[in-house]
Structure formats: structure tokens, C-alpha cells
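Chemist: Kindly generate the complete structure, drawing on both the sequences and the hints.
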Amino acid sequence: MRRFENRVVLVTGAGSGIGRASAQRIATEGGRVFCLDIAPEGLEGTVAAIRDAGGEAASRVCDVADEAQVNAAVAACVEHFGSLYALVNMAGLLRFDDTRELRTADWQRVMDINLSGTMYLCRAAIPHLLETRGSIVNAASTAALSGLPWGVAYSASKGGVLAMTRSIAVEYAKRGVRANCVCPGDIKTGMTVDIDWPETMDFELIGRISSLSGPKGPEVMAGVIAMLASEDAVHITGEDIRVDGGTLS
2 MRRFENRVVL
12 VTGAGSGIGR
22 ASAQRIATEG
32 GRVFCLDIAP
42 EGLEGTVAAI
52 RDAGGEAASR
62 VCDVADEAQV
72 NAAVAACVEH
82 FGSLYALVNM
92 AGLLRFDDTR
102 ELRTADWQRV
112 MDINLSGTMY
122 LCRAAIPHLL
132 ETRGSIVNAA
142 STAALSGLPW
152 GVAYSASKGG
162 VLAMTRSIAV
172 EYAKRGVRAN
182 CVCPGDIKTG
192 MTVDIDWPET
202 MDFELIGRIS
212 SLSGPKGPEV
222 MAGVIAMLAS
232 EDAVHITGED
242 IRVDGGTLS
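Start counting the sequence shown at 2; every next residue gets the next number (the numbering used here).
Please keep in mind that the hints were generated in silico from the structure rather than gathered at the bench.
Ideal placement from N, C-alpha and C gives every residue a C-beta, glycine not left out.
One should not assume that every hint holds.
[Said to hold, decoys possible] The calculated DMTMM-like cross-link candidates involving lysine to aspartate or glutamate, where the alpha carbons are at most 25 Å apart (straight line), are: (1) K189 <-> E200; (2) K175 <-> D241; (3) K217 <-> E30; (4) K217 <-> D187; (5) K189 <-> E205; (6) K189 <-> E6; (7) K189 <-> D203; (8) K189 <-> D107; (9) K189 <-> D64; (10) K217 <-> E205; (11) K189 <-> E220; (12) K189 <-> D99; (13) K189 <-> D113; (14) K175 <-> E132; (15) K217 <-> E240; (16) K175 <-> E240; (17) K175 <-> E200; (18) K189 <-> D241; (19) K189 <-> E172; (20) K189 <-> E240; (21) K217 <-> D203; (22) K175 <-> E232; (23) K189 <-> E30.
[As the list claims (entries may be wrong)] Here are the simulated distance ranges between beta carbons: (24) T133 <-> G215: 32 to 40 Å; (25) V171 <-> T100: 29 to 37 Å; (26) Q109 <-> G31: 35 to 43 Å.
Modeler: Given below as C-alpha cells:
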């Protein structure tokens, strides 16, 4: 499939995990990928992998929680490639806290990255997406659809992403821009492996919200994200797609 032939796609969180897998998948389908991440080493690895496979990619270090950096990054993408067809927002921060002990600064950092950062990217990208009648794919989570114990900040941020995405979808539907969410569950990435668990964590309770078929790698997300970003999803907008192995079923 060459669904993204000569089309420009901006991917955040592209230095690792679902963001990297999505950038690589889109590049294999002909996409010209502009990769953003806060980690320069991860970005270099993603771009190198894409180019080694014959794809086209460029990158820029960007903290999505910084409005000025986001605006500059989107402008750099359009300047480099000439247009923007799709935005894939996969940058995110996961943490677990006993709600009684959650520090305001930690709450705010999760909101700044997961919710505000996603909004900054959408806001900066929409003028360009209107020109190409393009699409947005945002990272929500099964935590936006069901309770995640010890995940109050993460759940709240992802619930906000889901509501925001639906609003964008309705606002721009008549003008040809689509916006959807993916809701990953039990996907094994660095973010989900390297977790600082609170002392009160009940691992038996967490185990009850694990997928029936066991955790999967980020590549299972990349295919769904590529579909939603492409014209295969031309009649899908304002939707949330669970990719969780039946966890919430």
C-alpha cells in the first residue's frame, strides 16, 4: 500500500514507542515524515531507520508542552516539505500516583504534555490541514473510557484529549478535516515498562484491566493509526478506536 505517497505527516513522540512505529509505518507507505520528540537520540534513531528502509524523514527536537516550540516545529515542517497532510499526536507522559499524594506540579506536567501539548499541535496544524483536507489522529487511551487506579492525572488528561478531538471533528467536518483518537490498552512501550509505582499500588487490581491476549508491541497501533490518517478513513471522524485486546469488552 502507498496511501501516503508524497504526503507529509507530522508525528510527535516519534523517538520511541507508538510514535516511532507510526512514523516508520507511514514512511513505508510513501509518507514524507516530520518527526518530533523531546529526546534527540531517539529522533536520530527513528530518522535513520526510515532512511535506511528507503523512506524520507526529517526531525526536530520539540517539547510539546512549550507553545512556542510547537508553533516553530509545525512551521519548520511546512517549510521543509511544503505542506502538511496529517498530524499524528503520540507524545505523552504516563505516571501513577496515590491520589492523596499527587503533587500539583506532577499533575500539571501530565496535563501540559498530554492535553495542552495535543491542543497546541492541533491548533498550529489545522490551518495547513484545511488546505490539504487532511486529518488528525490523537492519542487518547482506554484510561479515557474506564477507570485507571492510581492514574488520576493520566486518565483526566486522556479524557480531555478525547473530548477535545470530538469537538475538533465536529467543528471542521464540513471543511474536510477529520479528527479521531486511538485508545491503546496494554501496549508494551518504554513508557509502560519504566514506571515508578507508588507504594500503595495494588498489582492484582491493575492485573484485572490487562488484555486477555497479553500485551502487544507498538506496531499493532501503527497500522490503526495509519488507517485513520489515510483516505481509507474518509468517512470516519470524531471516533475513538480501542486497540486493547478486548480489555474493556
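Chemist: Run the distance test for K217 versus E240: straight-line Cα separation, threshold 25 Å.
Modeler: holds (22 Å)
Chemist: Between K189 and E205, is the straight-line Cα distance small enough, at 25 Å or below?
Modeler: holds (18 Å)
Chemist: Between K189 and D241, does the CA-CA distance stay at or below 25 Å?
Modeler: holds (20 Å)
Chemist: Tell me if the straight-line CA distance from K189 to E172 falls inside 25 Å.
Modeler: Outside the cut-off at roughly 34 Å; violated.
Chemist: If you draw a straight line from the CA of K189 to the CA of E220, is it 25 Å or shorter?
Modeler: OK: K189 and E220 at ~10 Å, within 25 Å.
Chemist: Between the alpha carbons of K175 and D241, is the straight-line distance 25 Å or under?
Modeler: Holds. K175 to D241 sits at ~20 Å (cutoff 25 Å).
Chemist: Can the restraint linking K189 and D107 be considered satisfied, given a maximum Cα separation of 25 Å?
Modeler: holds (23 Å)
Chemist: Starting from K189, check that the Cα of E200 is at most 25 Å away, please.
Modeler: holds (22 Å)
Chemist: Between K175 and E132, is the straight-line Cα distance small enough, at 25 Å or below?
Modeler: holds (13 Å)
Chemist: Holds or violated: K189 with E240, Cα cutoff 25 Å?
Modeler: holds (23 Å)
Chemist: Look at the Cβ atoms of T133 and G215 and judge whether their distance stays inside 32 to 40 Å.
Modeler: 39 Å Cβ-Cβ, so the 32 to 40 Å window holds.
Chemist: Would you check the hint for K189 and D113, treating anything up to 25 Å between C-alpha atoms as holding?
Modeler: holds (23 Å)
Consistency note: the structure conflicts with the earlier hints numbered 6, 17, 19.
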